[in-house]
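Residue numbers for the sequence shown follow my numbering, so the first one is 1 and each next one is one higher.
Note that these hints are calculated values from the structure, not bench results.
Treat the hints with care, as some may be off.
[Unchecked claim] Straight-line C-alpha distance at most 27 Å; calculated DSSO-like pairs for lysine-lysine:
1. 347 <-> 309
2. 133 <-> 25
3. 347 <-> 495
4. 523 <-> 348
5. 367 <-> 348
6. 439 <-> 495
7. 25 <-> 495
8. 348 <-> 371
9. 400 <-> 365
10. 204 <-> 487
11. 400 <-> 523
12. 309 <-> 250
13. 400 <-> 495
14. 400 <-> 371
15. 347 <-> 365
16. 371 <-> 347
17. 600 <-> 309
18. 348 <-> 11
19. 140 <-> 25
20. 204 <-> 133
21. 309 <-> 367
22. 140 <-> 487
23. 11 <-> 133
24. 339 <-> 400
25. 607 <-> 523
26. 250 <-> 204
27. 140 <-> 204
[Stated by the list, open to error] Simulated restraints, written as ranges between beta carbons of each label pair:
28. 608 <-> 251: 52 to 60 Å
29. 473 <-> 257: 45 to 53 Å
30. 451 <-> 182: 21 to 29 Å
C-beta: ideal position from N, C-alpha, C; glycine also.
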Amino acid sequence: MNDKSSSQFSKYRILGLVGRGQFGKVLCARLRDTGTLVALKELENKRFPTSKLLRELRFLLTLQHENIVSCSALMHHRNYRYLVMDYCEGGTLRDLMNYSKTLPLRQCFDLINDILLGLEHAHAANIIHCDIKPENVLLKITAQGWQAKISDFGIARLSQEIDADSNNTGSPGYMAPERFYGQFSISSDLYAVGVILYELLVGKRPFSGMPTELMNAHLNSRVSIPDSLPQSLQSIITRSLEKLPKRRYKSAQEMRLDLVQALQTFDIDKLTIPSSADSCPTNFFVNKAQFFASQSSEYQINSIAAGDKSRFYTASNQFIHWHNFTLDQSEQLIRAETKIASIAYVKKSLFIATNRHIYQFIQGKPKIIYKFPTPQNFDLEPLKLTISPEADWMAVAISKHLEIHNLQYGRAMRLEFATRPFNTVIAYDRHHLVAITNKPNTQESRAIVISRRCNVLYRLALPIRVAHGIATYTSDRVLLLEETNRKNVYILDIKPYRLIRIPLNYEVLLMVATPWGYALSAKYVDNYDLELNNESPTEQTILILLDLRGNNIHNLIIDGKVTAIAPIDTHLLAININHQQVNQKAIDQPANPKPTSNNKIYIVNLKKLEIDLIL
1 MNDKSSSQFS KYRILGLVGR GQFGKVLCAR LRDTGTLVAL KELENKRFPT SKLLRELRFL
61 LTLQHENIVS CSALMHHRNY RYLVMDYCEG GTLRDLMNYS KTLPLRQCFD LINDILLGLE
121 HAHAANIIHC DIKPENVLLK ITAQGWQAKI SDFGIARLSQ EIDADSNNTG SPGYMAPERF
181 YGQFSISSDL YAVGVILYEL LVGKRPFSGM PTELMNAHLN SRVSIPDSLP QSLQSIITRS
241 LEKLPKRRYK SAQEMRLDLV QALQTFDIDK LTIPSSADSC PTNFFVNKAQ FFASQSSEYQ
301 INSIAAGDKS RFYTASNQFI HWHNFTLDQS EQLIRAETKI ASIAYVKKSL FIATNRHIYQ
361 FIQGKPKIIY KFPTPQNFDL EPLKLTISPE ADWMAVAISK HLEIHNLQYG RAMRLEFATR
421 PFNTVIAYDR HHLVAITNKP NTQESRAIVI SRRCNVLYRL ALPIRVAHGI ATYTSDRVLL
481 LEETNRKNVY ILDIKPYRLI RIPLNYEVLL MVATPWGYAL SAKYVDNYDL ELNNESPTEQ
541 TILILLDLRG NNIHNLIIDG KVTAIAPIDT HLLAININHQ QVNQKAIDQP ANPKPTSNNK
601 IYIVNLKKLE IDLIL
């Protein structure tokens, strides 16, 4: 390896492995001088000869379009060559289809529109991709949704080369019939787009099986399209998947315009497609075996923390109680001098935050470990506190400064930021935290990765405004709630950087991480109308259970307002429900309501629920 190639590679700091392609790995890296994120596509010399490299590089340099991944440099390093390309933090379309089983229909059409725009540009340059599939469509996150970018022109062909080329390399699930005989055309790419459109709308590909079975199906079998789809969409899918190339669309623009026109023939918001579990929640109180135990409380619980040996803690106003759910016992542990904002139990230490102090409960006695400069109003400004997984340090953000306290040696370090206050701080591993601040007058935020020694390591530009975030049980991963649209939560992988949007049907109120995934509560309905059976109506909450990949696995409708939630064991969730009933006079005179409250703590045993969850 020469000095020049070493110098080239030293310009980049490798952040991690993003994925593996046909000819090597794909790495996430950051330019050391500018901080710009790039993707390094590794091409092994023996598996990807120079002729193929020059071909793909030629295509990438020729095609400059917002819906095609661009290449900015070629780098040599040891036995590998690397294409320096756009970094797409949203992963691939395949990742999105795996994560989000119920993509919004408008977003499905926007993605297809992006793919067709990219192909329109490539076809105008006489370049045929030849391997369009969800794995080769990369995604950028935007405030409006996802932007699709076509990648991997490794087997692309020029139109004038088609007749001389007998290579039938590709992905059988998305290959047009003529592709199996080494023939290519513009309509071959459009056939693959038709397969993706079918998969997005129906939830599966039109044909499945082993490569030989797929070839036979593409050559001989007719496509079966559900009658639930509008006729205009059925016509587009049928034409794009015709067996003979001459019967298909002649250009990407023609197919795209047909799709735009089809959307005007029906109400897209009323069109339904196969959905996941979040459209069919079950009622929490139908099966009494679904909860393990319950305890009543005269105070509204605003925070719950797991303890040890069947014990957990609750906070309500100025009181901390401990509970033993196996023995159905509870006892007041402490009364604070002022309102309690939150509690946390980390490594056998109970942390209590009030609007004046932060305490660490050690050997039965509270010890002040932080004093706020002025009393805080957490009703207006949420607490920005995070504790390390080992309980050896914590970070507190107030306005534009951040303090990191070493709890073992009683030392404190401070960082001043001159721009914006922080929205959330999250200790995501033993040595690092991420602090997030929103940019004014934009739909963007910035995530600042900081070490426990108060060193700013690097910054990530996020294309969303963040309301709140929590640590997770997965390394280098946090869960974020969008501020602009609280129906969107995001999985943020910090190293390497990856941002995955999880669209939900309800506005999220609370989020907690568990070893098996995430539990979210959201406002389900406010019902102040009398029921036919004359029972007093109650507010309802929906409890949304997601697995580690963000897939919705189960939902529970709860009569009442969930004010606190926490995992207290691998398969147990503690939730506090405030059953607030409105009497008849309150309904007749809504200006002077007189609700009555009944707080109850439930221990939900997830093993009793019929859900696809490995505990």
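Residue 473 paired with residue 257, Cβ distance criterion 45 to 53 Å: holds, 47 Å
Residue 600 paired with residue 309 [C-alpha distance capped at 27 Å]: Roughly 22 Å between the alpha carbons, so the hint for residue 600 and residue 309 holds.
Hint consistency between residue 204 and residue 487 [alpha-carbon to alpha-carbon, up to 27 Å]: holds, 25 Å
Pair hint residue 347 and residue 365, alpha-carbon separation not exceeding 27 Å: Within the cut-off at roughly 16 Å; holds.
Holds or violated: residue 309 to residue 367, with C-alpha atoms at most 27 Å apart: holds, 23 Å
Satisfaction of hint between residue 365 and residue 400, Cα-Cα up to 27 Å: violated, 32 Å
Satisfaction of hint between residue 523 and residue 607, Cα-Cα up to 27 Å: holds, 25 Å
Residue 309 paired with residue 250 [C-alpha distance capped at 27 Å]: Cα-Cα ~68 Å, so violated.
Proposed proximity, residue 495 with residue 400 (alpha carbon, max 27 Å): The given pair, whose Cα atoms are some 25 Å apart, holds under the 27 Å limit.
Restraint status (C-alpha distance of residue 347 to residue 495 at most 27 Å): holds, 25 Å
Restraint status (C-alpha distance of residue 523 to residue 348 at most 27 Å): violated, 33 Å
27 Å limit on alpha-carbon distance, applied to hinted pair residue 400 and residue 371: holds, 17 Å
Checked against the numbered hints above, the structure breaks hints 4, 9, 11, 12, 18, 23 and 30 and satisfies the rest.
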